[in-house]
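Undergrad: Sequence:
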Amino acid sequence: MVEFSTVPEPTTIDPFLSDISDTQYDPYPGVLEEVKRATQHVKNAGREKPLPAAQAYYGYYPRKRRSDHYYLIYTPGGIQIFRVPSSVLGHNVLGRTWIGTNRIEILETLHGLEFEEVKHHEQNHLFYPFLTELQIREKTKYELPFEPRFH
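Numbered per our numbering, the sequence shown spans residues -8 to 142.
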């Protein structure tokens, strides 16, 4: 360690007004080298650790879900939800959203948690129209309190 009781007088170069190096101005000799070594040690120590695992788009993590409960997903006011037959939606389409009109159409044969899952997915399309379909699916999957079937 360096004794700070005998501090040398600084040179006439003002350290706050000019670019200085170790040789121009060093009021505490030896301390700068210790700081550099400690900084280098911290930088090297960080590289020895493995990189973190890849995260989901929003950084959601899976959690324990209970499938023995029935969940209702909150629907904000002003959103109209209609049950329509597959002849209106098309083959293998579970639901669709009309962005700007707050209208959601869901397949009439869906009930229970399947209906809630599709409803939440379509609500995400209303709230986040700038996200792609895959991003919405991932977001829906991690936001549901139960195990999703479709997403």
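Some hints could be false.
For lysine to aspartate or glutamate, the following EDC-like pairs were computed, each having C-alpha atoms within a straight-line distance of at most 20 Å [what the hints assert, rightly or not]: (1) K110 <-> E134; (2) K132 <-> E105; (3) K110 <-> E129.
Here are the in silico distance ranges between beta carbons for each label pair [to be verified]: (4) A29 <-> F141: 52 to 60 Å; (5) L125 <-> L63: 23 to 31 Å; (6) L63 <-> A29: 52 to 60 Å; (7) E24 <-> E134: 50 to 58 Å; (8) V75 <-> P120: 19 to 27 Å; (9) S78 <-> L125: 56 to 64 Å; (10) V22 <-> Y119: 14 to 22 Å; (11) V22 <-> P120: 52 to 60 Å; (12) I90 <-> E138: 26 to 34 Å; (13) E134 <-> T100: 49 to 57 Å.
The set of hints was computed from the structure by calculation and includes no laboratory data.
By construction, the Cβ of each residue, glycine as well, lies at the ideal position given by its N, Cα and C atoms.
Undergrad: Range first: 52 to 60 Å. Now tell me if the beta carbons of A29 and F141 are that far apart.
TA: holds, 53 Å
Undergrad: For the pair supplied as a hint, K132 and E105, is the alpha-carbon distance within the 20 Å limit?
TA: holds, 12 Å
Undergrad: Holds or violated: 26 to 34 Å for the Cβ distance of I90 and E138?
TA: holds, 28 Å
Undergrad: Confirm or reject the claim that E134 and T100 have a C-beta distance inside 49 to 57 Å.
TA: Violated, at about 24 Å.
Undergrad: Within 20 Å, alpha carbon to alpha carbon, are K110 and E134?
TA: holds, 12 Å
Undergrad: Just to be sure I understand the hint, the distance between the Cβ atoms of L125 and L63 should be within 23 to 31 Å; is that true here?
TA: holds, 26 Å
Undergrad: Can you tell me whether the CB distance of V75 to P120 sits inside 19 to 27 Å?
TA: holds, 21 Å
Undergrad: Hint check: K110 vs E129, CA-CA at most 20 Å. Holds or violated?
TA: holds, 15 Å
Undergrad: Confirm or reject the claim that L63 and A29 have a C-beta distance inside 52 to 60 Å.
TA: holds, 56 Å
Undergrad: V22 and P120, beta-carbon distance inside 52 to 60 Å?
TA: holds, 57 Å
Undergrad: Taking 14 to 22 Å as the hint, is the beta-carbon distance of V22 and Y119 inside that range?
TA: violated, 52 Å
Undergrad: Note whether the CB distance of E24 and E134 lies within 50 to 58 Å or breaks it.
TA: holds, 52 Å
When each numbered hint is compared with the structure, violations occur for hints 9, 10 and 13.
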